[in-house]
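Q: The chain contents come next:
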Amino acid sequence: MSKKFSAISLMLAFMMIFSACSSSGGSTDGEASPDQSTDNKEKVTLKIGLPGSYEVTSKEIIDGFITSHPHIKVEIQEAPWGDFTSKIATQIAGNTMPDVWFQENATILSYGQRGVAEDLSSYIEADLKADEYIDGLFSAKAPDGKVWGVPHGINPIALAYNQDVFEKAGVAVPTDDWTYNDLIEASKALTVKEGDRTSQFGFIGSFSITNGWFPWIKQAGGSALDDTLTKSRFDDPKTATGLQQLYDGLDQGYFADIDFLKANGGELEVFASGKAAMYFLQYSLQVNMNESFADTNWDVVKIPKGVDGKRYVPMVANTWLVSSRAKQESKDAAWEFLKYYLSDEVQDMIVKTGSTLPVKKSALDQLKDSTTKPLNKAAFTDGIDEGGVTLDENATWSEWRILVQQVVNEIMVGNVSVEDGVKDIHTKVQEVLDSSK
Amino acid sequence: MQKQGYWGYIFTLPFVVNVVVFLLFPIVFSTYISFTEWDLFNAPRWIGLDNWVRVLNKHEFWVSIRNVFVFALIFVPIQTIMAFVIAFMLNQAIRAKGLFRLFYFLPVVTPWIAGGVVWVWMFNYQYGVINWALESMGLDPVKWIDSSNWLMVISSIAIVQVWKGVGQSMIMILAGMQNVPKEVLEASQIDGANGWKQLTKVVFPMVTPMVYLVMILSTISAFQAFDVFLGLFGSITTGIPERNMVPNLLVYRDAFLLFKMGPASATAWLLFVIILVFTLFQKYFEKKWVHYD
Numbered sequence: 002m003s004k005k006f007s008a009i010s011l012m013l014a015f016m017m018i019f020s021a022c023s024s025s026g027g028s029t030d031g032e033a034s035p036d037q038s039t040d041n042k043e044k045v046t047l048k049i050g051l052p053g054s055y056e057v058t059s060k061e062i063i064d065g066f067i068t069s070h071p072h073i074k075v076e077i078q079e080a081p082w083g084d085f086t087s088k089i090a091t092q093i094a095g096n097t098m099p100d101v102w103f104q105e106n107a108t109i110l111s112y113g114q115r116g117v118a119e120d121l122s123s124y125i126e127a128d129l130k131a132d133e134y135i136d137g138l139f140s141a142k143a144p145d146g147k148v149w150g151v152p153h154g155i156n157p158i159a160l161a162y163n164q165d166v167f168e169k170a171g172v173a174v175p176t177d178d179w180t181y182n183d184l185i186e187a188s189k190a191l192t193v194k195e196g197d198r199t200s201q202f203g204f205i206g207s208f209s210i211t212n213g214w215f216p217w218i219k220q221a222g223g224s225a226l227d228d229t230l231t232k233s234r235f236d237d238p239k240t241a242t243g244l245q246q247l248y249d250g251l252d253q254g255y256f257a258d259i260d261f262l263k264a265n266g267g268e269l270e271v272f273a274s275g276k277a278a279m280y281f282l283q284y285s286l287q288v289n290m291n292e293s294f295a296d297t298n299w300d301v302v303k304i305p306k307g308v309d310g311k312r313y314v315p316m317v318a319n320t321w322l323v324s325s326r327a328k329q330e331s332k333d334a335a336w337e338f339l340k341y342y343l344s345d346e347v348q349d350m351i352v353k354t355g356s357t358l359p360v361k362k363s364a365l366d367q368l369k370d371s372t373t374k375p376l377n378k379a380a381f382t383d384g385i386d387e388g389g390v391t392l393d394e395n396a397t398w399s400e401w402r403i404l405v406q407q408v409v410n411e412i413m414v415g416n417v418s419v420e421d422g423v424k425d426i427h428t429k430v431q432e433v434l435d436s437s438k
Numbered sequence: 301m302q303k304q305g306y307w308g309y310i311f312t313l314p315f316v317v318n319v320v321v322f323l324l325f326p327i328v329f330s331t332y333i334s335f336t337e338w339d340l341f342n343a344p345r346w347i348g349l350d351n352w353v354r355v356l357n358k359h360e361f362w363v364s365i366r367n368v369f370v371f372a373l374i375f376v377p378i379q380t381i382m383a384f385v386i387a388f389m390l391n392q393a394i395r396a397k398g399l400f401r402l403f404y405f406l407p408v409v410t411p412w413i414a415g416g417v418v419w420v421w422m423f424n425y426q427y428g429v430i431n432w433a434l435e436s437m438g439l440d441p442v443k444w445i446d447s448s449n450w451l452m453v454i455s456s457i458a459i460v461q462v463w464k465g466v467g468q469s470m471i472m473i474l475a476g477m478q479n480v481p482k483e484v485l486e487a488s489q490i491d492g493a494n495g496w497k498q499l500t501k502v503v504f505p506m507v508t509p510m511v512y513l514v515m516i517l518s519t520i521s522a523f524q525a526f527d528v529f530l531g532l533f534g535s536i537t538t539g540i541p542e543r544n545m546v547p548n549l550l551v552y553r554d555a556f557l558l559f560k561m562g563p564a565s566a567t568a569w570l571l572f573v574i575i576l577v578f579t580l581f582q583k584y585f586e587k588k589w590v591h592y593d
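In the order they appear, the protein sequences are chains A and B. When you line the first sequence up against this note's numbering, it's residues 2 to 438, in that order. When you line the second sequence up against this note's numbering, it's residues 301 to 593, in that order.
Okay, chain B solo, but in the shape it has when bound (with noise of 0.2 Å):
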């Protein structure tokens, strides 16, 4: 019993010591920098909370957090409803199957510089695709990520994020659409089931716990949105808008630009706090819909 324990030690000693350094040591390091003022250079200095006060008392935080919770509202429901749809779709007796999945899934492996570049020029106010579009049936072109309107620049952003992780959503969701038996749809089908009440009455019940975790993973996606507005805005040095900004972005900035290290924990600890009660949230109605027999 005692051989036993002894290896089991020696064989986690590596993952213990992964997660102490990797993940241990850096929570509790930034907790403690968050209320210290460090350049990296000189050694932390304690203001108390002086940092967490000035965070919460700038504006940019605040509009930041807006803008994070505005993009995962719009984004969230809209990957999960898309991937859900797109992997029903191709869970069925269709012809290239397969091409239609690699073709969902190709953004997911497409790097945010070469998506960045392709979705700036199709935005572009005068030159763009979308507004050639538009134009074109007689409709006025849209300034999508240079508008003064924050919300037409954050529901931009959320749609081309909507274009990247959807693959990835629908793959889970597919995998789960592909354990519902053949002999339950079967039978719903005997007992009079249109394919409409297939959908909603046996399949989506049955892959909740997929559609569930789908949720999950984008809400964090979301609220650590981050590739996605250096994609589309360049960087932080070429000036995006006040308006426009999210909080990995202020983050970044303060830490590893201007190397003001308590002001960046500190707004991380408040976006963890945020994800946190957003999860918790979910998780509180989680046992309405979401089935797990």
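Bound conformation, chain A alone (with noise of 0.2 Å):
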């Protein structure tokens, strides 16, 4: 009898200890709630993923809707950045993701295509006056009305540029006017080669795809796909165009190039110290130069104007979606956090953080008294307001934008002609295009 007992006491054991290791591991609660008397059968849980924990959307957001939902009792689920996406994956598959989280727009695209986010448009005409906001808030729209989620904020990119290089060559600063072919005058006259090398560079040619090659080929008149984002048009001579002025560049030497960059500690630090006078900045990063780079004396103008005239400001979102699999309870607890997440309280805080545009325009005009370097916050601002564009966005852009990625990175290094290079994106751009149909 004691054997059995003793037996059945191991096995005991043994759950207890299988069961203590699959508790909601990575998830913490959130700060107590204040009322820790009210009746927990009211409360609703509300499980919130935050990639990049609190270094991305700021503690005091969450406190302060903890803080003003006492009805509602919120879970952080959070990860590093890059271990998330992988994290998120398995959840999915194991149905155990949080109710709400924030991902890539494009990834929060195809998981409006595969069922795992929430339609929202019916939750924004309900409750949200859409001319309130700029229409980056509408950056989760698909092609057929339906919304899959709504921004945690936007980051579009502006030309940003180094006074003092610039004063000491005694070349013009930029200006909103400027086009691309001013942009390559300027980084030739601003280019300064010490024998066979060269100290400083007129431009970083990065060539990433929203701060590189996309910028490139949108004002050459080019572009990744068509108006109906279902066709490759990478066989369009203009987008050509835009990738040989980039590579052109980097292979004549006034653009700095990736190996100029990583042996000199990369894009900011190359910019922050003098070694290239203008960059491709996109918003957030101003963080880090004030952090990092607060004695550079640096500032931003809108990138500048394409071959037609206009202006093409590629900016980046991150999406808040919810679980089309959350409990109908839990869902309208997570549209109460992004309704909070969208009030002018929070999009204040937002501004503030600077680490993303918010995209109430109330809180956005705020940023015209902002103080903090850039003082011509209004580059990004009224760009996106003038010409903001997406990055061609739609359900397959996370694998076409890989096989895209894969060839420039040939071009750009030399080792694939433009004309090769085209040929081969334009192919097998199509044909993931095709696929999911």
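It is possible that some hints are incorrect.
Over 10 Å on every C-beta distance to chain A, these chain B residues come out as not near it, computed from the model [unchecked claim]:
no.: 1; residue: Y332
no.: 2; residue: L349
no.: 3; residue: I378
no.: 4; residue: K397
no.: 5; residue: P481
no.: 6; residue: N494
Pair by pair, the computed Cβ-Cβ distance ranges are [stated by the list, open to error]:
no.: 7; chain 1: A; residue 1: D165; chain 2: B; residue 2: G398; range: 50 to 60 Å
no.: 8; chain 1: A; residue 1: T97; chain 2: B; residue 2: K583; range: 36 to 46 Å
no.: 9; chain 1: B; residue 1: T538; chain 2: A; residue 2: D136; range: 21 to 31 Å
no.: 10; chain 1: B; residue 1: P326; chain 2: A; residue 2: D227; range: 38 to 48 Å
no.: 11; chain 1: A; residue 1: T354; chain 2: B; residue 2: W432; range: 40 to 50 Å
no.: 12; chain 1: B; residue 1: T538; chain 2: A; residue 2: T231; range: 21 to 31 Å
None of these hints come from the bench; they were simulated from the model. Heads up, the beta-carbon is just placed ideally off N, CA and C, and yes, glycines get one too.
Dock the two chains into a complex; use the hints.
A: So, in structure tokens, the structure goes:
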């Protein structure tokens, strides 16, 4: 009998160990609700996923929500940004995902197509006044009118310039009227060669998508996809022209190349130290600039106009989505959270963090009074107002973007010609687009 | 007798559960989903051999197989030979032996993130220390990991993998060498064997089981290469060229970035078959040169 009891005890001990191991790993309850005495039975539990934790989403916002919504028990699931993608994939597979979380807008679009995300169009229609927000509010709107999420924030790019470098070289600083030709010519003038080596470049020739190849093809009149986002436009000669201009800058040595950037600490370091005079800077990076390079004398203007006189300002958005598999009460709680996130109070907090642009117009207006660098924040806000464009995001963006980047990298280091590269890209991208029909 | 059996089941239960949950189930389940279309969210849809056919028809799959074969063919012999030579040297009566052992083992405990950054800088075409050394000797710089020549890139990465793994292999072979009885070495010395003969005729035959083990483990780690590629190329989303891909990168990309579990599972199974064939090939030759007596 006692041996049986021992055996049962042992098994119970194992079960306790296993159950302890299987508790919600990585998740922590939010700050205790101010009203702990509230009957828990009436409380709705809301699981919020935070990639990048409180480094990306201000803790003040989450705490504010917990305080103002005592009937909602908040459970935070956090992970470093890089790990979140894998984590959420396995959580989705195991049906243990949070009720609301955010990721890249393009990923949210693919979630929408797969049924992971709840269509928020009816919620938005019922509770929000669309004219109080910039167009970016609908970054996650699919062609069929469904809205798969609302922005965590918008990150456009602007042309950052190092004033000291311009002054030293006696070159006029950029203006909002610049074209890409002005940028190229100024880059040539600002490039300083010392023997075989270049000590100072005119511009940082990044060839990632947001501040690299995408703005270059848009300004030349090209594009990645057509307006329906179902056809590749890499066969358009204008697209090739944009890539060629970027390649020429790198090849002829007036744009800082990847070797130089890696050897000198990266894009921000090179720009801040004056080793490159100009840079397509994403809004969020102003925080890093101010933290790490407070003494650098710099500002921004809108990115230059394209050949057609129009401006194309690439902007990336991270987007909140609500899980379609959450219970209705959790979906409602998630929408409460998103409404709170889009409220004046929180949008003002977002302005203060500087890590992303809010989508509410009233909050954006506050940036005009900002005294932190860059002073001309209107280059971002007016920029997206004038010509904000997404990165041709659709449900298959994650897939075709990798394929494009593979070949663009090859083009920019001189392993493949622009002509051959765009042919290759066009075939591959169209194949992906066709496979999703 | 019965009571003993009863307790046996109880004590092995955790391990049986572990094997069933974390080994057998994934094996069976991944086989199943390799025949389905599954995006991790919606229920798997049976599509027969479509994933297998699609993977086998993809150019990038065959490129990745070519790369991983070449990677293994470069990495395994170099790592094994270097590990053997270093172990032999560190088995001698030399000063600061412990310090040297630490020196060779250090890369094993260095995270790939840190190791990758250092190697990327060393491989930098214009500003890297390796090309600087070449240029100092009047030689042309080399595009180590940016070259359009895939063989150059794969070879460079294999060298980095050797840097990372040789310490571990060296420790295993060194353990084998330290088991070689002193009497045997002394007897061979009396019989007139010099250092080279001792190494090749006495020490090597006696540590062949360890050398064989190192070869098997190195081969498996070569075919499973993943970290070293990410460490040197950054990330898949930043665009690793197709000609430099290896199967595990494709598996990771398809499964966790594109949510295409079917093709990812099919690729993983194909990789398993290749590793199995390669290991059986090594096993076939085992008896010809490995001495267990």
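Q: For which of the previously enumerated hints does the structure constitute a violation, in increasing order of number?
A: Violated hints: none at all, because every hint is consistent with the structure.
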